[in-house]
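First to last, the sequence lines map onto chains G and B.
The first sequence lines up with residues 14 to 896 when you count with our numbering.
The second sequence lines up with residues 21 to 130 when you count with our numbering.
Just so you know, the hints here were simulated from the structure itself, not pulled from any lab data.
Quick caveat, the model's predicted, so the values are computed rather than measured.
Some hints could be false.
[To be verified] Subject to a maximum C-alpha distance of 30 Å in a straight line, what follows is the list of computed DSBU-like cross-link-like pairs (lysine-lysine):
hint: 1; chain 1: G; residue 1: K33; chain 2: G; residue 2: K49
hint: 2; chain 1: G; residue 1: K139; chain 2: G; residue 2: K312
hint: 3; chain 1: G; residue 1: K195; chain 2: B; residue 2: K37
hint: 4; chain 1: B; residue 1: K82; chain 2: G; residue 2: K49
hint: 5; chain 1: B; residue 1: K105; chain 2: B; residue 2: K37
hint: 6; chain 1: G; residue 1: K139; chain 2: G; residue 2: K160
hint: 7; chain 1: B; residue 1: K82; chain 2: G; residue 2: K679
hint: 8; chain 1: G; residue 1: K24; chain 2: B; residue 2: K37
hint: 9; chain 1: B; residue 1: K86; chain 2: G; residue 2: K49
hint: 10; chain 1: G; residue 1: K647; chain 2: G; residue 2: K577
hint: 11; chain 1: B; residue 1: K54; chain 2: G; residue 2: K312
hint: 12; chain 1: G; residue 1: K312; chain 2: G; residue 2: K160
hint: 13; chain 1: G; residue 1: K195; chain 2: B; residue 2: K105
hint: 14; chain 1: G; residue 1: K174; chain 2: B; residue 2: K105
hint: 15; chain 1: G; residue 1: K49; chain 2: B; residue 2: K54
hint: 16; chain 1: G; residue 1: K160; chain 2: G; residue 2: K173
hint: 17; chain 1: G; residue 1: K577; chain 2: G; residue 2: K532
hint: 18; chain 1: G; residue 1: K195; chain 2: B; residue 2: K82
hint: 19; chain 1: B; residue 1: K86; chain 2: G; residue 2: K33
hint: 20; chain 1: B; residue 1: K86; chain 2: B; residue 2: K105
hint: 21; chain 1: G; residue 1: K532; chain 2: G; residue 2: K649
[Claimed, not checked] To give a feel for the contact side, a few chain B residues facing chain G, derived at Cβ under 10 Å:
hint: 22; residue: A42
hint: 23; residue: G46
hint: 24; residue: A50
hint: 25; residue: L68
hint: 26; residue: P70
hint: 27; residue: E110
hint: 28; residue: Q116
Note that the Cβ used here is the ideal one computed from N, Cα and C, for glycine as well.
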Amino acid sequence: MPNSLRRLSNKLRFFARREKFDNDLAEEMAYHRELKQRDLEQANPALTARDARHATNREFGNDLYHRDQSRDVIGFWFETTLQDFRFSLRQLRKNLGFTVTAILMLALGMAASVAIFSFVDAALLKPLPYRDPSRLVGVFESITLFKQSDLSIPDYLDWKKRNEVFTSLEIYTRQGLTLLTKNGVERVSSGRVSDGFFRVLGVTPILGRDFAPGDDLVSAPRTTLLSYSAWLKRYGGSPDILGQSVTLDGKPHTIVGVLPRDFHFVPAEPAEFWTALHPEGQCDLSRGCHSFYGVARLKDGVTLQQSLANVTSIAQQLEREYPDTNRDQGANITPLYEYIVGDLRPILFVLLGGAALLLIIAGVNIASLLLVRAESRRREIAVRGALGASPVRLIRQFVTEGVVVVLTGTVFGLGLAYGGMRLLSALIPAEFMARMAFWQNLSFSPRVLMFAGLIAFLAAILFSLTPSVRSAAPDMHEDLAEGSRGSAGNAWRRLGSKLVVLELATAVVLLVIAGLLGKSLFRLLNVDTGMNPEHIATLTISAPGATYAKEPQWIALNRLIREKVSAIPGVTNVGTTSLLPVDGWGNTTWFRVLGRPWHGEHNETTQRDITAGYFNVLGAKLLRGRNFDESEDKTKPAVAIINSSFARVHFPGEDPLAHQLSHLGKTPDPIQIIGIVEDIKEGQLDSQNLPVLYNPFNQNADTEFMLAVRTSQDENAILPMLTATIHDIDPQIVAYRGATMTTLINNSMSAYIHRSSAWLVGGFAALALILSVVGLYGVVAYSVSQRTREIGVRMALGAQQSSVYRLILSEAGRLTSIGILLGIACAIGAAAAMQAVLFGVRSWDIPTLFAVAIILTAAALLASFVPARRAATVDPVVALRSE
Amino acid sequence: MTKPDLLPGTLDMLILKTLTRAPLHGYGIALSIKRISQDVLTVEEGSLYPALQRLLIQGWVKAEWKMTETNRRARFYTLTAAGRKQLGAELSQFHQLIAAITRVLQDQDA
Numbered sequence: 014m015p016n017s018l019r020r021l022s023n024k025l026r027f028f029a030r031r032e033k034f035d036n037d038l039a040e041e042m043a044y045h046r047e048l049k050q051r052d053l054e055q056a057n058p059a060l061t062a063r064d065a066r067h068a069t070n071r072e073f074g075n076d077l078y079h080r081d082q083s084r085d086v087i088g089f090w091f092e093t094t095l096q097d098f099r100f101s102l103r104q105l106r107k108n109l110g111f112t113v114t115a116i117l118m119l120a121l122g123m124a125a126s127v128a129i130f131s132f133v134d135a136a137l138l139k140p141l142p143y144r145d146p147s148r149l150v151g152v153f154e155s156i157t158l159f160k161q162s163d164l165s166i167p168d169y170l171d172w173k174k175r176n177e178v179f180t181s182l183e184i185y186t187r188q189g190l191t192l193l194t195k196n197g198v199e200r201v202s203s204g205r206v207s208d209g210f211f212r213v214l215g216v217t218p219i220l221g222r223d224f225a226p227g228d229d230l231v232s233a234p235r236t237t238l239l240s241y242s243a244w245l246k247r248y249g250g251s252p253d254i255l256g257q258s259v260t261l262d263g264k265p266h267t268i269v270g271v272l273p274r275d276f277h278f279v280p281a282e283p284a285e286f287w288t289a290l291h292p293e294g295q296c297d298l299s300r301g302c303h304s305f306y307g308v309a310r311l312k313d314g315v316t317l318q319q320s321l322a323n324v325t326s327i328a329q330q331l332e333r334e335y336p337d338t339n340r341d342q343g344a345n346i347t348p349l350y351e352y353i354v355g356d357l358r359p360i361l362f363v364l365l366g367g368a369a370l371l372l373i374i375a376g377v378n379i380a381s382l383l384l385v386r387a388e389s390r391r392r393e394i395a396v397r398g399a400l401g402a403s404p405v406r407l408i409r410q411f412v413t414e415g416v417v418v419v420l421t422g423t424v425f426g427l428g429l430a431y432g433g434m435r436l437l438s439a440l441i442p443a444e445f446m447a448r449m450a451f452w453q454n455l456s457f458s459p460r461v462l463m464f465a466g467l468i469a470f471l472a473a474i475l476f477s478l479t480p481s482v483r484s485a486a487p488d489m490h491e492d493l494a495e496g497s498r499g500s501a502g503n504a505w506r507r508l509g510s511k512l513v514v515l516e517l518a519t520a521v522v523l524l525v526i527a528g529l530l531g532k533s534l535f536r537l538l539n540v541d542t543g544m545n546p547e548h549i550a551t552l553t554i555s556a557p558g559a560t561y562a563k564e565p566q567w568i569a570l571n572r573l574i575r576e577k578v579s580a581i582p583g584v585t586n587v588g589t590t591s592l593l594p595v596d597g598w599g600n601t602t603w604f605r606v607l608g609r610p611w612h613g614e615h616n617e618t619t620q621r622d623i624t625a626g627y628f629n630v631l632g633a634k635l636l637r638g639r640n641f642d643e644s645e646d647k648t649k650p651a652v653a654i655i656n657s658s659f660a661r662v663h664f665p666g667e668d669p670l671a672h673q674l675s676h677l678g679k680t681p682d683p684i685q686i687i688g689i690v691e692d693i694k695e696g697q698l699d700s701q702n703l704p705v706l707y708n709p710f711n712q713n714a715d716t717e718f719m720l721a722v723r724t725s726q727d728e729n730a731i732l733p734m735l736t737a738t739i740h741d742i743d744p745q746i747v748a749y750r751g752a753t754m755t756t757l758i759n760n761s762m763s764a765y766i767h768r769s770s771a772w773l774v775g776g777f778a779a780l781a782l783i784l785s786v787v788g789l790y791g792v793v794a795y796s797v798s799q800r801t802r803e804i805g806v807r808m809a810l811g812a813q814q815s816s817v818y819r820l821i822l823s824e825a826g827r828l829t830s831i832g833i834l835l836g837i838a839c840a841i842g843a844a845a846a847m848q849a850v851l852f853g854v855r856s857w858d859i860p861t862l863f864a865v866a867i868i869l870t871a872a873a874l875l876a877s878f879v880p881a882r883r884a885a886t887v888d889p890v891v892a893l894r895s896e
Numbered sequence: 021m022t023k024p025d026l027l028p029g030t031l032d033m034l035i036l037k038t039l040t041r042a043p044l045h046g047y048g049i050a051l052s053i054k055r056i057s058q059d060v061l062t063v064e065e066g067s068l069y070p071a072l073q074r075l076l077i078q079g080w081v082k083a084e085w086k087m088t089e090t091n092r093r094a095r096f097y098t099l100t101a102a103g104r105k106q107l108g109a110e111l112s113q114f115h116q117l118i119a120a121i122t123r124v125l126q127d128q129d130a
């Protein structure tokens, strides 16, 4: 029989008869000692029996310890661990208050960190669901106004043909389509792409086929791919849909494939359908009409700089070849990953940092709790040591207890984190969430679990080492003496104080960050939008091009809608625009100022087509000149209203109303500036105001426009009536995105990001405040309990209550001031690093810092007042007799 | 006088060797080693009993309760066949080691 097997079988035999083994060993040793004593007595007849026994015992040593050593030899490693574990459970149960607090704090800190990390992981760490995503780049034209602006189809075709740096270059755009269903028409989001789009990403449909080369030409039959979710939602996941026909924008399309479940492409999301290009119509064929973004895969060995240089040189060639359309059209290449998630990074890091700080506070708090516990267990430890427990065995006990707390805390923490992830996902507005496809179906990825494991591991180390440090070299004699007051208590108080200062400082940092974010949000929501957003309802309208083919029909429809909507009770003003405020600065046009030298350069400006009553609906302020008139259509002279930024940028020191603008045609078409309106926030709330040019809808009509209605009644109640009115006119018209202006503002990207971060970090900060104040309370209360006798003596010698208060409060005050000062210094540094996510607030905002200092001081005073009161009301007689 | 420590790993060998002559109980083993080494080697109880368990687990000795000449119950350890083989192996290894050390120490040229 091989040695190892024999060992195992012998061990098992012992294991089965453990009690007999223990008894045998004890009897054997007792006999040994007996013989030893007998021999000693025979060798030294002068010795009394008592002395001989003492001498034997001294020489023999601690037989409990010897037996333990022997047991270790024959036992399995897990037996002692199990023993430690059972003992830990008993200890933890005995001290339920401590256990529950520690587990709860760990679970809380962990839940916050893990939940936030899961968002960070899904957005920043998880690779994009494409083949070799690091070689993919976003390809853009570049203009002064927007660094990443869109490509026109003719430019794209030239870039594709002439570049030497991409294995392939494809384009995509987000588009809304009208889907014909059994229940009428419906607006669906979709992507419109060149035929190689999915191939460049390396994505293969799970059902059917990809677009084949040539599928995006006008000559090819119209085909469409389905997203996985649309396949489930609209077709119940049926495999029979391949080859079926679906009517999009009035044209039949054949369904050729279904995309994988984990596929998403954020810049075009939410897309239910994906259609191939089929360039037609004036814009698609015009080199000057930009509405696509590019995505390309870099050839092996080509760097970002090389690709940019190559594409820039192509853009320069095109500038020379087509100066009318391509003047000042540069190029931009951005890694696809950067383009998709780059904007989210600062805010996610701030949130993760906030959660980490909370976790630190929770950890420190538990560590100080453990210290207090180790302190109160001094006697227990000393007794166990005296009875023969080795230091290693004692430390193992602490480690086991720490591990039990951490494991339980981790289980609860993960449960809470899961709830937190669900809650946070539910709080994200649906429209925003639909675009942030990587956050849908958030779950515990292996990385998230590893992150949780790392936290648990660090926590386990912290929690087992903290009490071990205290007990590693116990002064057994002193600890055994009941109620001894040695240097150990003071040492603990010093360490505990340091921990509390750390906690308070961390809480200050969190509170300051929360304060700054809150103030940013407040500033953002109170930013001057140039309008009065109350009582405005909005709706987007899209008329089918087949029924409404010509411009006069568009104008008539727009007018009819406004008339009918005006008749709704409570409606005071009605207007339409090509794009509602607080969305984006996009939709631009080129212009030049007549009478000024012009050499073909492209002045680009944001542009909106509005009806005469639009400014009245918004409550925008006309600074000079007049509004458009309903009668101003193409038969009348072309007119425009500019905003004050336009006047400031393009007519400094001049009277804009004396000027005419023109588009960039060969022959000028004069547009008279007839008014100046105060800046309306057309872009995101946190953006700088840009020049905006407003033209009358009747001179530049479209089948798509956005309705804005001011009502004297509840604007929410009017939304369904608006849709009903439109469908009364023509059920084929799609009316969607109905929302009040305040909702649009509150749910706008910038407001949402600022609000969610302010609330989240605010929540973290509130928890941090509670935890750190509890920590301070613990230290002060412990200090009072340690000094009860001292306080009793002082009072017996005539100290007043007030001086006792002073004694305790001054200690708390000292800790608090150090903590606050340290925290404020760190907070200023931290805030400077997060300037990117602040709006209208400097990182060293004095009122915020001041308010945080006051809040924390007040909370700290309250926390130390309770123990101070206990100290001051101590009965000297009781105190002197205590212990 | 301080007593020299046992070389690490030699205690097991000494116990096995002691048991070649006759089965002994724990105290007997300790006494025998002390006597034969002329009081140079003292086996501490703290090392003896863990070592005995180690040998038991390995199957090199076995333990039985027997009556002593004074009619007391004592636990006697007996060398097993495997134990005898192990002792042989350890002894030859040990002798090689001692011979090597001796050669180094007696080197005249050093």
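Please verify whether B/K54 and G/K312 have alpha carbons no more than 30 Å apart.
83 Å, violated
30 Å Cα cutoff - pair G/K24, B/K37:
Holds, because 24 Å separates the two Cα atoms, which is no more than 30 Å.
Hinted pair, alpha-carbon criterion (30 Å max): G/K49, B/K54. Please report holds or violated.
Measuring from Cα to Cα gives roughly 13 Å; hence the hint holds.
Keeping to a limit of 30 Å between CA atoms, is the pair of G/K577 and G/K532 held or broken?
43 Å, violated
When you check the alpha-carbon spacing of G/K139 and G/K312, does it fall within 30 Å?
Answer holds: G/K139 to G/K312 is near 23 Å, not above 30 Å.
So, as I understand it, the hint says B/Q116 touches chain G; can you test that by seeing if any CB pair is closer than 10 Å?
21 Å, violated
Tell me if the interface restraint on B/P70 is satisfied: Cβ within less than 10 Å of some Cβ in chain G.
With a minimum Cβ separation of about 5 Å from chain G (threshold 10 Å), the hint on B/P70 holds.
Given the hinted pair B/K86 and G/K49, is their Cα-Cα distance within 30 Å?
19 Å, holds
Check whether the Cα positions of G/K195 and B/K82 lie no farther apart than 30 Å.
Violated - the C-alpha atoms of B/K82 and G/K195 are around 89 Å apart, more than 30 Å.
Does the structure keep G/K174 and B/K105 at a Cα separation of 30 Å or less?
Outside the cut-off at roughly 85 Å; violated.
Evaluation of the interface hint that places B/L68 against chain G, nearest CB under 10 Å:
Hint holds; B/L68 Cβ to chain G Cβ min 8 Å, cut 10 Å.
CA of B/K82 to CA of G/K49, is that 30 Å or under?
Satisfied, since the Cα-Cα distance of roughly 23 Å is no more than 30 Å.
Hint violations for this structure: numbers 3, 7, 11, 13, 14, 17, 18, 21, 22, 27, 28, all remaining hints satisfied.
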